[in-house]
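Student: Given next are the chains, with one letter for each unit.
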Amino acid sequence: MTLKLGVPSKGRLMEKTFAWFGKRGIELARTGSDREYAGAVAGVEGVELVLLSASEIPRELSEGRIHLGVTGTDLVREKLAAWENQVEEIAPMGFGQADLIIAVPKFWVDVETLDDLDAASAAFRARHGFRLRIATKYHRMIREFLRDHGVADYQLVDSQGATEGAVKNETAEAVADITSTGETLRANHLKILSDGLVHRSQATLLRSRKAPWADSERTALKALLAKLDV
Amino acid sequence: MTNTSAASLRLVAEAARLRSFFETSGATLVEADMLQPAEVLLDLYGEDIRARTYVTSDPLRGELMLRPDFTVPVVQMHMNHGAEPARYTYSGKVFRRQEEDLGRASEYLQVGYEVFDREDPAGADAEVFALFNGVLRGKGLSAVTGDMGILRAAVSGLSASDRRKNALLRHIWRPRKFRSLLDRFSGRTPLPAARAKLLDLLETNTQDVLLENAGAQVGMRSEEDVRARLTVIQEDAKEAPISRNEAEMLEELLTLRAPAPQALSTLRDIAVDMPSVATATEAFEARLAAMAQRGIDTANLDFDASHGRSSMEYYDGFVFSFGKTGQPAVATGGRYDALTRVLGQGRSIPAVGGVIRPDLLLAAEGAI
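From first to last, the protein sequence lines are chains A and B.
For the first sequence, the numbering used here gives the first residue as 1, with consecutive numbering after it.
For the second sequence, the numbering used here gives the first residue as 1, with consecutive numbering after it.
Think of the hints as simulated: they come from the structure by calculation, not from any bench.
Beta carbons are placed, not taken as given, at the ideal position from N, Cα and C, and that holds for glycine.
A hint or two may mislead.
Dumping the calculated SDA-like pairs for lysine to any residue here, alpha-carbon to alpha-carbon at most 20 Å [what the hints assert, rightly or not]:
| # | chain 1 | residue 1 | chain 2 | residue 2 |
| --- | --- | --- | --- | --- |
| 1 | A | Lys79 | B | Arg52 |
| 2 | A | Lys106 | B | Met220 |
| 3 | A | Lys210 | B | Glu100 |
| 4 | A | Lys106 | B | Val209 |
| 5 | A | Lys79 | B | Arg97 |
| 6 | A | Lys106 | B | Leu202 |
| 7 | A | Lys106 | B | Leu201 |
| 8 | A | Lys106 | B | Gln217 |
| 9 | A | Lys106 | B | Asp208 |
| 10 | B | Lys324 | B | Ser310 |
| 11 | B | Lys165 | A | Gly150 |
| 12 | A | Lys106 | B | Gln207 |
| 13 | A | Lys168 | B | Ala214 |
| 14 | A | Lys168 | B | Met220 |
| 15 | A | Lys10 | A | Ala98 |
| 16 | B | Lys197 | A | Thr113 |
| 17 | A | Lys106 | B | Thr206 |
| 18 | A | Lys106 | B | Ala228 |
| 19 | A | Lys137 | B | Gly46 |
| 20 | A | Lys79 | B | Glu100 |
| 21 | A | Lys168 | B | Asp225 |
| 22 | A | Lys210 | B | Gly103 |
Quick look at which bits of chain B chain A covers, simulated, 3 or more residues with Cβ under 8 Å [to be verified]:
| # | region |
| --- | --- |
| 23 | 42 to 52 |
| 24 | 170 to 178 |
| 25 | 209 to 221 |
| 26 | 227 to 240 |
From just these sequences and the hints, can you work out the full model?
Tutor: Printed below as a string of structure tokens:
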């Protein structure tokens with residue numbers, strides 16, 4: 001059997017992944033027409049390329065349908081329960097950096113820390129009659145983070161895009177989202193809590209603990225890792 | 001998970017045995033819907049409960065939750081049309097989502113007994129405990145008891161503003177956060193840098209100036225909310241710290257673990273310097289007396305003042321559990337007067353009860 005390597009199927013994440021492997025002597029390429037999700041690997045034996053949406057790669061790894069995968073560590077932590085039992089991080093790849101953060105309106109001069117957010121949530125609930133809303137698509141990570149930091153009386157509302165606009169649109173009072181430069185946050189009158197960094201994410205090469213690891217796949221992995229020098 | 005038919009029949013029989021024991025003891029059998037409105041439970045337990053329950057939705061009814069326990073629906077049923085006093089029993093599956101440990105059951109049977117009675121809380125506490133003790137006797141389990149009422153009374157008696165006391169009470173269920181608040185309020189940890197900076201700014205600027213320079217006001221948390229909290233922050237900065245002596249006494253109380261008679265004696269000592277716990281200590285004593293009357297060996301009853309602090313947050317008085325050390329409890333229970341106030345929308349009734357897990361009880365028996 002061949003070793004299946006899952007990589008993002010489009011955009012900058014795909015290009016940078018191809019470049020990262022290319023620099024280490026392994027050529028990844030899409031084959032066929034522009035719209036066909038097929039790929040080829042050169043420079044190492046027994047490895048098959050599988051092109052997938054970055055957000056599906058954690059699940060494919062945990063199901064054991066691919067042996068290796070490239071995706072953001074934020075997606076791994078969000079999509080997989082007890083992720084360490086399901087995948088192993090082999091190598092950070094130095095691109096796709098983004099921070100998952102908690103941000104509140106800049107004019108909340110009384111709120112700088114998670115403790116402030118907790119106190120403000122209690123007061124907000126008492127005054128407005130509902131729990132302070134935090135818009136996010138990272139439900140698991142934010143819930144665990146806020147629980148570990150003793151924040152109560154909030155609720156998470158789902159936001160799959162344009163999350164920074166949720167406060168202005170009054171569908172949430174605060175947001176928890178990915179940012180790289182903070183520019184969108186500033187443009188939407190938001191600031192990051194001083195202890196509101198939940199996770200530093202970057203593209204990472206991952207190994208599935210759940211995939212079938214027969215001799216042939218182990219041999220291919222060994223050859224691949226030697227070549228990648230990780 | 002599937003059960004072999006013999007094991008599953010045994011489980012059903014065990015649940016039936018427990019239920020009929022409670023019925024014979026005077027309880028009315030009640031049922032509850034498996035699907036509960038999620039909003040009620042989320043408002044009660046907080047967002048955390050999503051990690052531990054199955055939430056689903058229905059286009060007409062909105063978010064629904066597979067019942068994580070019977071307490072909330074039974075309280076609601078009682079508040080809506082129960083006659084007083086009342087004793088209820090129920091038996092059925094509850095559902096708990098497991099995110100970390102596949103070895104833990106995601107659905108299991110619970111058999112419960114709940115008492116709604118305005119008269120004689122000590123007697124009702126003792127009644128529930130004695131029933132559980134009776135039906136669980138000889139199964140190799142040990143009991144631990146506690147009293148959230150004593151902790152609450154101790155916090156309420158601190159020399160601090162109501163605001164600080166309420167903040168502590170709000171987090172009494174989160175031991176780590178509670179500790180960090182207590183450290184802050186008693187001056188053992190310095191002000192966080194961000195807070196010190198804000199207070200400096202407020203020394204030399206009015207709230208108006210601060211708000212003017214802070215940018216656009218977006219969202220439903222209004223300028224008024226921000227101003228109200230700034231005032232609170234300024235008041236809090238002026239407040240004297242909770243004395244070292246009081247903080248230490250509270251800690252002594254939190255770590256108190258002893259057989260009930262020694263615990264009572266220690267509590268009486270603490271009550272000399274901390275009069276706020278006197279009433280709760282008397283209630284504890286009355287409960288012990290009521291338990292002894294029902295044949296409980298209170299001389300060897302384990303009392304742990306912090307017992308129940310990390311369970312689901314609704315017990316506010318007597319708490320107990322039966323189990324084996326280091327294993328999930330076979331039975332748990334306690335008093336939850338405040339929950340009836342929250343769910344009763346203005347009305348309330350003192351309530352105490354508990355649940356047994358027949359699966360764990362059978363497993364414990366098998367291990368004897």
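Student: Does Asp208/B lie within 20 Å of Lys106/A when you go C-alpha to C-alpha?
Tutor: 15 Å, holds
Student: Mind checking the alpha carbons of Lys168/A and Met220/B for me, to see if they're no more than 20 Å apart?
Tutor: 9 Å, holds
Student: Does the region 227 to 240 of chain B contain three or more residues whose Cβ lies closer than 8 Å to a Cβ of chain A?
Tutor: That given contact holds, which follows from 5 residues of the region 227 to 240 of chain B lying within Cβ reach (below 8 Å) of chain A.
Student: If you draw a straight line from the CA of Lys324/B to the CA of Ser310/B, is it 20 Å or shorter?
Tutor: 18 Å, holds
Student: Is the straight-line distance between the alpha-carbon of Lys10/A and that of Ala98/A 20 Å or less?
Tutor: 18 Å, holds
Student: Is the Cα-Cα distance between Lys210/A and Glu100/B 20 Å or less?
Tutor: Holds, because 16 Å separates the two Cα atoms, which is no more than 20 Å.
Student: Given the hinted pair Lys79/A and Arg97/B, is their alpha-carbon gap at most 20 Å?
Tutor: 15 Å, holds
Student: Decide if the proposed pair is consistent with the structure: Lys210/A and Gly103/B, CA atoms, cutoff 20 Å inclusive.
Tutor: Between Lys210/A and Gly103/B the Cα gap is close to 18 Å, so the pair holds against 20 Å.
Student: Do the alpha carbons of Lys106/A and Leu202/B lie within 20 Å of each other, as the hint requires?
Tutor: 17 Å, holds
Student: Within 20 Å, alpha carbon to alpha carbon, are Lys168/A and Asp225/B?
Tutor: Holds. Lys168/A to Asp225/B sits at ~16 Å (cutoff 20 Å).
Student: Tell me if the straight-line CA distance from Lys106/A to Leu201/B falls inside 20 Å.
Tutor: OK: Lys106/A and Leu201/B at ~16 Å, within 20 Å.
Student: Measure nothing beyond the straight line between the CA atoms of Lys79/A and Arg52/B; if it is 20 Å or shorter, mark the hint as holding.
Tutor: With Cα atoms ~16 Å apart, Lys79/A and Arg52/B stay inside 20 Å; holds.
Comparing the model with each numbered hint stated earlier shows that all of them hold.
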